[in-house]
Amino acid sequence: MTKYVVAIVLVAIIVGAGGFYAGQTLAPGKIVEVEKKPPRTIKIGMTCAKTGGYGPMYWMTNELSLEWAKIINEQGGLYVKQYKQRLPVEIVWYDDKSDPATTIKFYEKLVTEDKVDILIGPNCSPPTFAATTVPEKYGVPMITQQAASPSIFSRGLKWVVGCLADSSYPGWSYEYFQMLKAEGKAKTIAFISEDSLWAKDNYLNAVDLAKGIGMRVVYEEVAPVETKDFTAVITKMKALDPDIVYIASFPVFGSTFYKQAKELRLSPREFHVTWSGKGFFDVVGWKDAEYVTGEHYWVPDWKVGNYKMLKRICDNIGINAIEYAFGVIQFYGLEIAAAAIEASESLDDKQKLLDAIWGLHIMTTGSPDGVWYARQGKVVDGKYSGIGTINPFCVQIMKGTFNAVWPKSVATAEHVYPMKPWAERG
Amino acid sequence: MLGEITQVAIGGVLLGGIYALAALGLSVIFGVSKVLNAAHGDFIILGGITTYFFFNLLEVNPLVFAVILIPVFLIGGFAFERVLIRPIADKPLDEMVRASILVTFGVSLAVSDLLAFTWGRDIIGVTYSMPSISIAEVSVSTLRLLALVVIVVVAVVLHGFFRKTYTGRAIRAVTEDREAALLIGTNISKMRLLSFGIGSVLAAIAGLFFVTIFTIDPYMGIPLMLKCLTIIILGGLGSLLGSLVGGLTIGFAESICSYYIGAHWSPATALFILILILLIKPTGLFGVRGAK
Numbered sequence: 002m003t004k005y006v007v008a009i010v011l012v013a014i015i016v017g018a019g020g021f022y023a024g025q026t027l028a029p030g031k032i033v034e035v036e037k038k039p040p041r042t043i044k045i046g047m048t049c050a051k052t053g054g055y056g057p058m059y060w061m062t063n064e065l066s067l068e069w070a071k072i073i074n075e076q077g078g079l080y081v082k083q084y085k086q087r088l089p090v091e092i093v094w095y096d097d098k099s100d101p102a103t104t105i106k107f108y109e110k111l112v113t114e115d116k117v118d119i120l121i122g123p124n125c126s127p128p129t130f131a132a133t134t135v136p137e138k139y140g141v142p143m144i145t146q147q148a149a150s151p152s153i154f155s156r157g158l159k160w161v162v163g164c165l166a167d168s169s170y171p172g173w174s175y176e177y178f179q180m181l182k183a184e185g186k187a188k189t190i191a192f193i194s195e196d197s198l199w200a201k202d203n204y205l206n207a208v209d210l211a212k213g214i215g216m217r218v219v220y221e222e223v224a225p226v227e228t229k230d231f232t233a234v235i236t237k238m239k240a241l242d243p244d245i246v247y248i249a250s251f252p253v254f255g256s257t258f259y260k261q262a263k264e265l266r267l268s269p270r271e272f273h274v275t276w277s278g279k280g281f282f283d284v285v286g287w288k289d290a291e292y293v294t295g296e297h298y299w300v301p302d303w304k305v306g307n308y309k310m311l312k313r314i315c316d317n318i319g320i321n322a323i324e325y326a327f328g329v330i331q332f333y334g335l336e337i338a339a340a341a342i343e344a345s346e347s348l349d350d351k352q353k354l355l356d357a358i359w360g361l362h363i364m365t366t367g368s369p370d371g372v373w374y375a376r377q378g379k380v381v382d383g384k385y386s387g388i389g390t391i392n393p394f395c396v397q398i399m400k401g402t403f404n405a406v407w408p409k410s411v412a413t414a415e416h417v418y419p420m421k422p423w424a425e426r427g
Numbered sequence: 065m066l067g068e069i070t071q072v073a074i075g076g077v078l079l080g081g082i083y084a085l086a087a088l089g090l091s092v093i094f095g096v097s098k099v100l101n102a103a104h105g106d107f108i109i110l111g112g113i114t115t116y117f118f119f120n121l122l123e124v125n126p127l128v129f130a131v132i133l134i135p136v137f138l139i140g141g142f143a144f145e146r147v148l149i150r151p152i153a154d155k156p157l158d159e160m161v162r163a164s165i166l167v168t169f170g171v172s173l174a175v176s177d178l179l180a181f182t183w184g185r186d187i188i189g190v191t192y193s194m195p196s197i198s199i200a201e202v203s204v205s206t207l208r209l210l211a212l213v214v215i216v217v218v219a220v221v222l223h224g225f226f227r228k229t230y231t232g233r234a235i236r237a238v239t240e241d242r243e244a245a246l247l248i249g250t251n252i253s254k255m256r257l258l259s260f261g262i263g264s265v266l267a268a269i270a271g272l273f274f275v276t277i278f279t280i281d282p283y284m285g286i287p288l289m290l291k292c293l294t295i296i297i298l299g300g301l302g303s304l305l306g307s308l309v310g311g312l313t314i315g316f317a318e319s320i321c322s323y324y325i326g327a328h329w330s331p332a333t334a335l336f337i338l339i340l341i342l343l344i345k346p347t348g349l350f351g352v353r354g355a356k
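Protein chains in written order, with my numbering: chain A, 2 to 427; chain B, 65 to 356.
Please note that a few of the clues may not be correct.
Unchecked claim - Label pairs and their in silico Cβ distance ranges:
id : chain 1 : residue 1 : chain 2 : residue 2 : range
1  : B       : 123       : A       : 402       : 18 to 24 Å
2  : A       : 353       : B       : 174       : 47 to 53 Å
3  : B       : 177       : A       : 287       : 27 to 33 Å
4  : B       : 147       : A       : 75        : 48 to 54 Å
5  : A       : 214       : B       : 67        : 30 to 36 Å
6  : A       : 360       : B       : 122       : 53 to 59 Å
7  : A       : 362       : B       : 170       : 53 to 59 Å
8  : A       : 402       : B       : 130       : 31 to 37 Å
9  : A       : 42        : B       : 177       : 31 to 37 Å
As the list claims (entries may be wrong) - Some chain A residues flagged as far from chain B (calculated, every beta-carbon gap over 10 Å):
id : residue
10 : 86
11 : 157
12 : 351
13 : 359
14 : 379
15 : 383
16 : 417
No lab work stands behind these hints: they were computed from the structure.
We treat Cβ as the ideally placed atom computed from N, Cα and C, and that holds for glycine.
Input sequences plus hints: build the corresponding full structure.
Structural data, given as structure tokens:
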């Protein structure tokens with residue numbers, strides 16, 4: 002009898018446990034997830050300046066892109082109309098070593114071997130200038146990123162659309178000169194530029210902008226990128242005593258010049274440094290960089306676009322976005338690429354994908370003053386490149402951070418002018 | 065106007081002092097061992113990075129780190145010679161020269177890539193400055209002046225070492241006539257070892273000033289070595305005095321050219337002077353015709 006009772010209890014326990022398990026898994030409202038393999042992945046191809054000359058500024062752009070894809074995939078991927086479902090995103094990237102020739106080689110590989118769906122441009126204008134020949138050759142859309150040199154977009158490239166506005170429209174330092182015009186205090190300006198594509202374009206454009214607002218250009222000099230000694234240039238500038246010294250360069254050139262300007266006591270009323278991000282203040286120090294003005298695409302106090310996702314990505318990969326305000330442009334490019342993929346009727350028909358990019362009007366994290374869309378660039382042989390609308394804003398370093406000071410609509414602080422001469426600075 | 069020219073001239077001499085310091089080490093090594101150390105520029109970068117590392121750690125005047133650099137790079141130079149140069153040192157001279165260029169060039173590439181991998185994310189420059197000295201309209205950089213003082217002290221010490229000590233005289237003997245020095249029993253291996261030690265220390269000290277006054281990056285090694293090579297060819301291969309004068313000449317000429325013609329032409333000045341000197345005196349300023 003006891004045996005029967007034990008057997009019944011055991012059976013009851015087993016049945017009860019089974020029922021409980023079934024209840025847990027098949028309860029009303031619970032969805033049984035059947036893992037379905039997506040028909041394909043969306044491949045986004047890019048090269049990054051992980052090493053080489055641009056490495057210090059952009060080494061993190063591949064990590065930012067990979068983290069972006071990880072978060073997008075956690076959210077289910079991007080919706081593709083052609084497949085009527087969300088597909089996971091895959092980032093295919095190579096280190097172009099900041100070298101234009103290597104960049105071309107890898108973009109060829111991305112298109113011919115990796116068969117990517119869309120290309121994101123490399124970091125910086127010189128590699129971008131080289132890489133933009135590849136989308137033209139194979140008919141794959143490319144969204145360029147940290148590239149604002151007008152030389153890129155004045156060639157009539159059908160398959161290339163810029164994330165940024167090119168620096169001739171209305172000009173890299175356009176907002177800065179608008180600010181100087183509105184304030185009416187600075188009258189004279191001296192220019193020193195490194196001999197590189199982006200820097201020289203900015204310098205030439207800034208000369209026109211300065212003259213356009215009635216400033217007197219007292220000195221202009223273009224020096225090789227590898228210049229280490231600026232004694233002669235600084236000596237000439239000191240004799241001319243300009244209100245503004247405009248340094249058009251990447252960080253190595255600019256920071257070396259600035260350090261020596263301090264050493265030799267060159268004290269204009271303001272230094273304007275076109276590259277005032279990481280690299281610059283690492284070398285000159287935040288204290289000496291105080292009140293330097295420059296251009297940026299992002300400041301921490303802006304709360305537009307998908308800024309929370311950007312913050313999450315930066316936290317996850319362990320970077321301070323203030324230091325890499327140019328690197329985060331990568332995020333804007335990915336925002337545009339994602340929007341285009343979701344808007345396109347087809348992923349395989351590249352013309353439709355290109356049309357989708359041209360049809361976009363979206364708010365990116367770098368557009369506090371309006372939406373991003375593609376504008377028609379110069380027409381060459383019936384073709385034209387797409388130029389973006391994201392413009393840099395005028396920033397000023399104050400107390401170890403960047404503040405937007407112009408235009409007023411996006412300003413986070415008042416412009417401080419003039420800065421104290423070196424002799425009066427601690 | 066006079067003040068401006070004085071400023072530029074002084075700046076040029078001070079720049080030349082740093083060039084000379086960098087080139088002196090390459091000259092010592094080449095003079096004694098006939099090894100063209102293509103990795104010399106990377107030793108300068110390594111000296112700069114070591115300075116940068118300790119500066120960030122301790123935040124004191126970077127010049128004090130010479131105390132650390134001297135023993136570290138002396139041993140480093142010894143190790144470099146023992147491991148990489150000694151195995152090829154006994155080959156016939158022309159073969160040894162070719163092999164040494166390949167070996168040291170390989171080291172240079174390896175060091176550049178390794179540095180780019182570990183440090184390459186940031187541009188390296190020490191955020192230290194000293195108040196400049198102002199006399200009338202002329203401002204003189206204290207750090208550059210210190211570099212010049214160091215180069216003068218180093219030159220005097222090296223001069224005394226080469227003239228007054230047995231080892232120094234032995235090194236000179238090897239520099240001037242290797243075979244004769246061997247015949248009188250000079251230990252060439254030991255001299256070569258010493259030359260690498262001294263050369264590496266000089267490169268590291270130059271690196272200290274480079275990172276403090278300018279900025280450095282991992283890929284500067286080869287261009288720096290080429291600048292040093294230009295200086296020692298200009299001064300006369302193997303001549304220490306030639307390296308000093310060559311460095312000062314190029315620094316001065318670059319500054320003057322930058323002032324009068326434009327900064328764009330400044331880097332070409334060194335090559336122009338080199339061609340000019342070699343046309344007039346093919347052995348360089350202080351080189352000796354037929355030196356073995």
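Here is what the structure says about each hint:
1. Roughly 22 Å separates the CB atoms of residue 123/B and residue 402/A, a value that falls within the hinted 18 to 24 Å.
2. Under the hint 47 to 53 Å, the C-beta atoms of residue 353/A and residue 174/B, about 48 Å apart, fit the expected range.
3. A C-beta distance of roughly 31 Å is found between residue 177/B and residue 287/A, which places it inside the suggested range of 27 to 33 Å.
4. As the Cβ distance of residue 147/B to residue 75/A is approximately 50 Å, the hint placing it in 48 to 54 Å holds.
5. The hinted range of 30 to 36 Å is satisfied by residue 214/A and residue 67/B, whose Cβ atoms lie roughly 32 Å apart.
6. Restraint check, residue 360/A to residue 122/B: a C-beta distance of roughly 58 Å satisfies the suggested window 53 to 59 Å.
7. Range check, residue 362/A to residue 170/B: Cβ separation about 55 Å, and the 53 to 59 Å hint holds.
8. As the Cβ distance of residue 402/A to residue 130/B is approximately 36 Å, the hint placing it in 31 to 37 Å holds.
9. Our hint of 31 to 37 Å for residue 42/A and residue 177/B holds, since their Cβ atoms are close to 32 Å apart.
10. Even its closest Cβ contact with chain B, about 39 Å, leaves residue 86/A beyond 10 Å, as expected for a residue assigned away from the interface.
11. Against chain B, the non-interface label of residue 157/A holds: every CB pair exceeds 10 Å, the least being about 31 Å.
12. No Cβ of chain B comes within 10 Å of the Cβ of residue 351/A; the nearest lies about 35 Å off, and the non-interface call holds.
13. For residue 359/A, the requirement that its beta carbon stay farther than 10 Å from each beta carbon of chain B is met, with the minimum near 36 Å.
14. Against the 10 Å criterion, residue 379/A stays outside the reach of chain B, whose nearest CB is about 29 Å from its own CB.
15. Every CB of chain B is more than 10 Å from the CB of residue 383/A (nearest about 38 Å), matching its label as outside the interface.
16. Listed as outside the interface, residue 417/A is consistent with that label: its C-beta sits roughly 22 Å from the nearest C-beta of chain B, beyond the 10 Å cut-off.
Violated hints are absent here; each numbered hint is respected by the structure.
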